[in-house]
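> As a plain string of letters, each chain reads:
There are 2 protein chains.
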Amino acid sequence: MAFSATHSTTRIVLAERPEGTPTASTFRTETAELPAPADGQLLVRNRYISLDPYMRGRMSAAKSYAKPTPLGEVLPAETVAEVVESGHPDFAAGQLVATYGGWQSAAVVPGKMARRIADNGLPESTALGVLGMPGFTAYAGMAEIGRIQAGETLVVAAAAGPVGSAVGQLAKAAGARAVGVAGGAEKCAYLVDELGFDAAVDHRSADFADRLKSACRDGIDVYWENVGGKVLEAVLPLLNLYGRMPVCGMVAQYNATGVPEVPDRLPGFMRAVLNQSLTVRGFIQTEFRAKHWDGFQQDMARLVAEGRMKYREDVVEGLENAPEAFIGLLEGRNFGKLLIKV
Amino acid sequence: MAFSATHSTTRIVLAERPEGTPTASTFRTETAELPAPADGQLLVRNRYISLDPYMRGRMSAAKSYAKPTPLGEVLPAETVAEVVESGHPDFAAGQLVATYGGWQSAAVVPGKMARRIADNGLPESTALGVLGMPGFTAYAGMAEIGRIQAGETLVVAAAAGPVGSAVGQLAKAAGARAVGVAGGAEKCAYLVDELGFDAAVDHRSADFADRLKSACRDGIDVYWENVGGKVLEAVLPLLNLYGRMPVCGMVAQYNATGVPEVPDRLPGFMRAVLNQSLTVRGFIQTEFRAKHWDGFQQDMARLVAEGRMKYREDVVEGLENAPEAFIGLLEGRNFGKLLIKV
Chain D
18 MAFSATHSTT RIVLAERPEG TPTASTFRTE TAELPAPADG QLLVRNRYIS LDPYMRGRMS
78 AAKSYAKPTP LGEVLPAETV AEVVESGHPD FAAGQLVATY GGWQSAAVVP GKMARRIADN
138 GLPESTALGV LGMPGFTAYA GMAEIGRIQA GETLVVAAAA GPVGSAVGQL AKAAGARAVG
198 VAGGAEKCAY LVDELGFDAA VDHRSADFAD RLKSACRDGI DVYWENVGGK VLEAVLPLLN
258 LYGRMPVCGM VAQYNATGVP EVPDRLPGFM RAVLNQSLTV RGFIQTEFRA KHWDGFQQDM
318 ARLVAEGRMK YREDVVEGLE NAPEAFIGLL EGRNFGKLLI KV
Chain C
18 MAFSATHSTT RIVLAERPEG TPTASTFRTE TAELPAPADG QLLVRNRYIS LDPYMRGRMS
78 AAKSYAKPTP LGEVLPAETV AEVVESGHPD FAAGQLVATY GGWQSAAVVP GKMARRIADN
138 GLPESTALGV LGMPGFTAYA GMAEIGRIQA GETLVVAAAA GPVGSAVGQL AKAAGARAVG
198 VAGGAEKCAY LVDELGFDAA VDHRSADFAD RLKSACRDGI DVYWENVGGK VLEAVLPLLN
258 LYGRMPVCGM VAQYNATGVP EVPDRLPGFM RAVLNQSLTV RGFIQTEFRA KHWDGFQQDM
318 ARLVAEGRMK YREDVVEGLE NAPEAFIGLL EGRNFGKLLI KV
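Which chain is which? The protein sequence lines are D and C, in order.
If you read the first sequence in our numbering, its first letter stands for residue 18, the second for the next number, and so on.
If you read the second sequence in our numbering, its first letter stands for residue 18, the second for the next number, and so on.
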């Protein structure tokens with residue numbers, strides 16, 4: 018390897034496992050020296066760090082779909098980064114990549130975990146949003162599970178978020194009716210006025226279930242579940258025969274610490290599954306990478322260029338503000354894809 | 018139409034909608050005169066009446082996957098019957114058919130709702146069991162949803178029943194491991210000794226969840242859900258990645274009158290769906306009739322002939338005993354496909 022000066026990184030590590038909502042003491046900021054990249058590795062400088070709800074799961078020791086982050090280790094995140102020094106033949110210094118750089122200013126990563134950012138005329142940050150993991154989650158889940166048809170009705174929870182807004186716009190592009198559920202009048206107006214949803218329902222409204230019913234006169238064919246909680250409850254009686262329910266997140270439950278002491282809703286859920294011949298399917302987008310990634314990049318870039326796939330970013334400046342931004346994300350305070358600009 | 022004497026039928030009608038478990042006053046026995054069959058109709062004499070858990074749903078006014086039986090009307094059931102007089106060109110007097118003759122001694126039915134019983138060398142009653150609706154439910158649900166592979170593990174609840182026993186034997190025929198859940202030592206012994214299940218677990222045992230875990234060392238790939246309740250709870254932590262859950266019945270809930278006051282298990286269920294990328298799919302066998310019925314008749318008759326698909330019937334003599342037999346069915350007191358011999 019070429020001679021290389023050491024590089025330092027400022028990083029945020031998991032200081033303690035949160036009980037319920039993370040707090041300031043969940044996180045600790047450190048400075049560390051990074052080694053030069055070995056063969057196959059890249060030294061990168063992070064430019065944008067993606068904060069996503071699934072990260073709450075990594076902070077717990079409990080079984081989830083990914084391994085927990087060990088205490089004292091840097092919190093994981095996908096990042097857009099510039100290659101500073103390359104030990105991998107496919108990459109050169111100065112190139113922009115999407116990789117798993119974590120909550121830090123610089124990182125040494127395996128080259129096989131990096132991908133060149135396509136030259137599609139869009140801002141580099143979209144590689145973490147509409148053209149990255151959230152956009153792909155929407156695309157693959159609709160292709161494999163939602164399979165919405167023209168004339169059908171889709172309801173998506175967390176509709177103003179990066180996954181939900183893509184899901185709704187994909188439904189519109191397929192000729193279906195899109196109904197979004199979001200928190201607050203501003204997000205609801207955005208869904209209808211900016212993204213072209215047919216209707217939006219504020220889950221904070223007292224008569225939420227009635228409003229949702231009014232917005233879904235022909236019932237619901239696809240319910241995109243990424244929240245959990247009361248949205249699902251209001252959706253259940255409206256689901257049509259052969260309804261589909263892609264399940265890609267449970268953000269409302271990520272902070273839960275025990276079994277809620279309310280009446281058991283599982284029997285009612287299973288009755289709906291049986292009575293309406295529903296398909297409920299959990300998934301993580303990695304399952305569909307090999308099959309759909311290339312088509313996703315092409316289709317999504319085209320929809321964006323045609324103005325049929327809009328996106329919104331919520332960019333927070335400064336790594337030091339990541340913990341507070343993440344806590345706000347779990348509480349629904351952000352509006353658009355949450356990114357840290359390093 | 019040819020001249021025809023009137024025929025009388027003894028029938029059991031829905032006297033009142035049961036709250037919880039049906040009782041004697043749910044039912045009323047009547048005698049009525051039947052008209053001669055009109056064009057397209059058949060006058061049939063029922064020989065066997067099939068009693069099935071789904072009938073509990075028809076007794077309630079609540080929304081289900083089929084319309085409720087109106088008060089005062091004869092309770093619906095599939096039957097094996099002899100054609101007494103035919104107004105349909107495809108049928109002649111003396112032929113045996115499977116049709117929807119109801120809880121009565123004779124009926125006038127549409128010819129299009131009848132099918133000739135295939136001459137396959139098996140007793141006519143099998144047209145209501147292993148070669149009828151229960152057997153087809155198992156066959157179609159495994160073909161379309163369970164899709165079990167050699168080396169995988171299946172768990173089926175109500176395993177000694179007509180659907181469950183067929184499901185387990187289909188899994189064995191596919192080279193998979195079959196674990197049955199049933200109530201009591203006699204049924205469990207039957208599953209292993211007679212049907213060739215790899216293991217059986219008594220859901221009445223105090224350490225049921227531990228026993229199930231011991232019987233499923235490699236986890237569970239397919240859980241066939243036709244019961245609801247505590248079996249599902251014990252299954253959830255054992256399900257493997259990409260597990261499938263065909264849902265074709267909720268017998269444990271059919272008598273439920275309200276929302277159970279226990280901790281809410283829906284969040285835990287949805288977490289399992291997400292973490293393990295599960296597929297949960299409700300279905301009624303009619304959905305798959307056109308696609309799979311002919312293959313079912315051939316495959317199942319062959320498996321029976323080869324001794325790889327055994328079945329058991331619980332035949333109760335006398336229409337007057339149908340109500341008590343049905344109540345026992347909901348409580349798991351029968352052992353084998355419950356039939357009334359008229």
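It is possible that some hints are incorrect.
No farther apart than 25 Å at their CA atoms in a straight line, the calculated lysine to aspartate or glutamate pairs in the DMTMM-like style are these [unchecked claim]:
id, chain 1, residue 1, chain 2, residue 2
1, C, 84, D, 250
2, D, 189, D, 316
3, D, 308, C, 281
4, D, 247, C, 281
5, C, 247, C, 107
6, C, 247, D, 281
7, D, 308, D, 281
Computed footprint of chain D on chain C; a stretch qualifies when at least three of its residues, placed anywhere within it, have a C-beta under 8 Å from a C-beta of chain D [stated by the list, open to error]:
id, segment
8, 280-287
9, 291-302
Hints are computed from structural coordinates only; laboratory data are not their basis.
Idealized CB from N, CA, C, for every residue including glycine.
> Identify every previously stated hint that the structure contradicts and give their numbers, smallest first.
3, 5 and 7
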